[in-house]
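Asker: For reference, the chains in residue letters:
Number of protein chains: 2
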Amino acid sequence: MFKVNENYLKLPGSYLFSTIAKKVSEFADANPDKEIIRLGIGDVTQPLAPAIVKALHAAVDEMANADTFKGYAPDLGYDFLRNAIVENDYKARGCDIAADEIFVSDGAKSDSGNIQEIFSADAKIAVCDPVYPVYVDSNVMSGRTGEYDEKTGTWSNVIYMPTTMENGFVPEFPKETPQLIYLCFPNNPTGTTITKTQLQEWVDYANRVGAVIIYDAAYEAYISEDNVAHSIYECKGAKTCAIEIKSFSKNAGFTGVRLGYTVVPKDLKCGSASLNAMWARRHGTKFNGAPYIQQRAGEAVYSAEGKAQLKEQIAYYMNNAKTIKDGLEKAGYTVFGGVNAPYIWLKTPDNMSSWDFFDFLLEKANVVGTPGSGFGPNGEGYFRLTAFGSYENTVRALERIQKL
Amino acid sequence: MFKVNENYLKLPGSYLFSTIAKKVSEFADANPDKEIIRLGIGDVTQPLAPAIVKALHAAVDEMANADTFKGYAPDLGYDFLRNAIVENDYKARGCDIAADEIFVSDGAKSDSGNIQEIFSADAKIAVCDPVYPVYVDSNVMSGRTGEYDEKTGTWSNVIYMPTTMENGFVPEFPKETPQLIYLCFPNNPTGTTITKTQLQEWVDYANRVGAVIIYDAAYEAYISEDNVAHSIYECKGAKTCAIEIKSFSKNAGFTGVRLGYTVVPKDLKCGSASLNAMWARRHGTKFNGAPYIQQRAGEAVYSAEGKAQLKEQIAYYMNNAKTIKDGLEKAGYTVFGGVNAPYIWLKTPDNMSSWDFFDFLLEKANVVGTPGSGFGPNGEGYFRLTAFGSYENTVRALERIQKL
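Order-wise, the sequence lines are chains A and B. The first sequence begins at 308 in my numbering and counts up one residue at a time. The second sequence begins at 308 in my numbering and counts up one residue at a time.
Rather than coming from a laboratory, the hints here were simulated on the basis of the structure. Some hints here could point you the wrong way.
Claimed, not checked - Covered by chain B, according to a simulated footprint, are these stretches of chain A (three or more residues, beta-carbon under 8 Å):
#1 344-354
#2 407-418
#3 426-435
#4 468-478
#5 575-589
#6 669-676
Unchecked claim - In the DSBU-like style, the derived pairs of lysine-lysine whose C-alpha atoms are separated by at most 35 Å in a straight line are:
#7 Lys-317/A <-> Lys-310/B
#8 Lys-576/A <-> Lys-614/B
#9 Lys-310/B <-> Lys-482/A
#10 Lys-398/A <-> Lys-330/B
#11 Lys-671/A <-> Lys-458/A
#12 Lys-573/B <-> Lys-317/A
#13 Lys-361/A <-> Lys-618/B
#14 Lys-317/A <-> Lys-330/A
#15 Lys-329/B <-> Lys-546/A
#16 Lys-361/A <-> Lys-398/A
#17 Lys-317/B <-> Lys-546/A
#18 Lys-618/B <-> Lys-317/A
What you are looking at is a predicted structure, and each value in this text was computed from that prediction instead of being measured. For every residue, glycine included, the Cβ atom is placed at its ideal position computed from N, Cα and C.
Next up, chain A with everything else stripped away, as it sits in the complex:
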């Protein structure tokens, strides 16, 4: 009789956002007259930029003609996109990354879930707490995380690095040495970030202890301050210790388009085993390339027209972030993030639990956010609002919150 992967059965309950969706749906059913404003999930709302729409249409037309039709894409991505990434995301920032170190994919979620596969089954992972759930859950599925403790909401074999207001949301080097370190800056969910100098310390640490940093740079486009790195490869020595995962979801509104990439430097090795070659093998075996149409859309992100339009789109969302931040502060809340990221992380008032505040906000202001505790035990007492709504809704949500 066949048997299942028992690690899956260790995963607790349902996914955070499913629970939220259920609660919201129940409230909406019971209160059909109330207009709910959703500032919960990190999904964009602005339409695709005209330059991207144009590129998509052009690529579709190519697929309609035998002379220009494209079948299987190169597993690792078309050169036109990999070269555009190299030029714009790396060379322009002084980072020496080559096109064959770029792996184009259907998005950062797939990559951040799959990347653990190329590491040993007993690799010890370290994550910030609170954290994007995919890093931990994908390692649970692979059996790396030990047992779940329902009381503490933690796994026995995971190193948690608290990031809270007490340490200014800057994780400290863990006491126990990890083999894999997941870092996401600007951070989801806290919306905070660390300086380039602080990131350099992490790179030095990883090189010193022989760890690999999985660096999630999905929110890089929202950085507004000068002393923050847009790529981990701005730090010296990162090519021997870091993999960088990038998304087009947040800088170009591709959440429903699906495109991302991962950088695995050729200098990243364990003895003679090249992680670049291993990830290429995984891509070639379990993936069949990102769609041609999407890769042309990705290329348009780097066109002069595309860049100008997306700069505006990001400014639009960051104006929402400012609106939320200022509005909450005016209402007396303690607020973090929102300067280099589209997320605002607030301290719940009166020591309310994250879920109590979720219910309070939903019932009293009809605004949906995300309870911080859903991202890990150290998220308890915090709450996330996102800047990805429309400006009008964001303003109205804040007006309601200020009246509470």
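Place chain B on chain A using the hints.
Answerer: Just chain B now, with coordinates in the frame of chain A:
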């Protein structure tokens, strides 16, 4: 110091199609005057059907407008596509499959590579020999296959089921009981298939021994004979023992578009563990939904217009298949497949090895095919040609082969 997944290092050499590409490229460089015709890789060449192009453009336009813009898709697929699949691929064939048993993905290669994840690490797999390399390689990466024997080209912990002219390309039940059985009918690479009665015997066998069949139905649209099942769920009892993987690549030319789906019935359980729930969890954790644009294109495959256009497209390729089959037979070759599948599997003449015949065909006829031995030891002495070229090139290739 971090360690890598050592299983990856067991994988022999480079991927079959990379080796072919290298050989062809070397030949082309050395013989710039020769016009090479490629009937090797299973990639389509006809442009997307007009109904699909129309759906793609319409979906792109929706993404350009704030009112109709789509962000994250539901992880498991939009209802409009899952319902169209249920109606057309299952209900119309008398199969009782529900929409929540359909998981839309970026393609059958991803699904057939990832599906092994939800099974136990020590699950014994059985594959046909020759076989699509992804089934074995993805299990190598997970450590299920034991050690590789370079002499025999086999893995110590894999059950091989020979499919050769001697057994009419019908695999026999293995002596040792497997937990996972990979079956692909119509078959890649042999282009042959089994009858519905024979498939029913496999379903009965799997239910009897408690195995799961991973059924790859990527070539279903090419079936021309009545006694062949289009879906394994046409067989009684398949819902308690079979997962079906379907592609839009071959029935609709989506190799560069990327769309597929997998059916995991709710009746498929190991004790109280539901494989449907486990696959949903994997999809939700390591995947972020197939793109909206692609899902609308998938929906168009099932429109009246789309169906009529794709019927013509398949007839076009099957006419190529007939051209290859008839042409080879006329030239004295022993030929299989090409009736219910776009692949022709020929016995190499004069006991030539598969690779010798590859070189012979490339040098003398400037035609590229795929050596059978690349699909497994029992593919030695065979050679695959595909019907996915243009009609003109197919005719010319056969003229050249007939002159040899």
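Asker: Confirm or reject each hint.
Answerer: To see whether the hints hold, each was checked on the structure:
For the region 344-354 of chain A, the proposed coverage by chain B is satisfied: 6 residues have a C-beta within less than 8 Å of a C-beta in that chain, meeting the threshold of three. For the region 407-418 of chain A, the proposed coverage by chain B is satisfied: 4 residues have a C-beta within less than 8 Å of a C-beta in that chain, meeting the threshold of three. Counting residues of the region 426-435 of chain A whose C-beta sits closer than 8 Å to any C-beta of chain B gives 5, which meets the bar of three, so the coverage hint holds. Counting residues of the region 468-478 of chain A whose CB lies closer than 8 Å to any CB of chain B gives 0, so the stated coverage by that chain is violated, three being the minimum.
Check result for the region 575-589 of chain A against chain B: holds, 6 residues qualifying (beta carbon to beta carbon below 8 Å, three or more required). For the region 669-676 of chain A, the stated coverage by chain B is not satisfied: 0 residues place a CB nearer than 8 Å to a CB of that chain, which falls below the threshold of 3. Of the supplied pair hints, the one linking Lys-317/A and Lys-310/B holds, its CA atoms being roughly 25 Å apart against a limit of 35 Å. Using a Cα cut-off of 35 Å, the hinted pair Lys-576/A and Lys-614/B is violated, with the two alpha carbons roughly 50 Å apart.
For a cut-off of 35 Å, the pair hint linking Lys-310/B to Lys-482/A stands: about 20 Å separates their Cα positions. Simply put, Lys-398/A and Lys-330/B have alpha-carbon atoms about 34 Å apart, close enough for the 35 Å limit, and the pair holds. Between Lys-671/A and Lys-458/A, the direct Cα distance comes to roughly 30 Å. Compliance with the 35 Å bound is thereby established for this hinted pair. Restraint check for Lys-573/B and Lys-317/A: the C-alpha separation of about 20 Å stays at or below 35 Å, so the hint holds.
Restraint check for Lys-361/A and Lys-618/B: satisfied, since their Cα atoms lie roughly 31 Å apart, inside the 35 Å limit. A C-alpha spacing of about 24 Å is found between Lys-317/A and Lys-330/A, which places the hinted pair at or below 35 Å, so the restraint holds. A hinted pair counts as satisfied when its Cα atoms are at most 35 Å apart, and Lys-329/B with Lys-546/A qualifies at roughly 29 Å. At roughly 26 Å between alpha-carbon atoms, Lys-361/A and Lys-398/A fall within 35 Å of each other, so this suggested pair holds.
Under the criterion of a C-alpha separation no larger than 35 Å, the hint pairing Lys-317/B with Lys-546/A is consistent with the structure, at around 25 Å. The suggested pairing of Lys-618/B with Lys-317/A is violated, with an alpha-carbon distance near 47 Å, which exceeds 35 Å.
This entry does not satisfy hints 4, 6, 8 and 18, going by the numbered hints stated previously.
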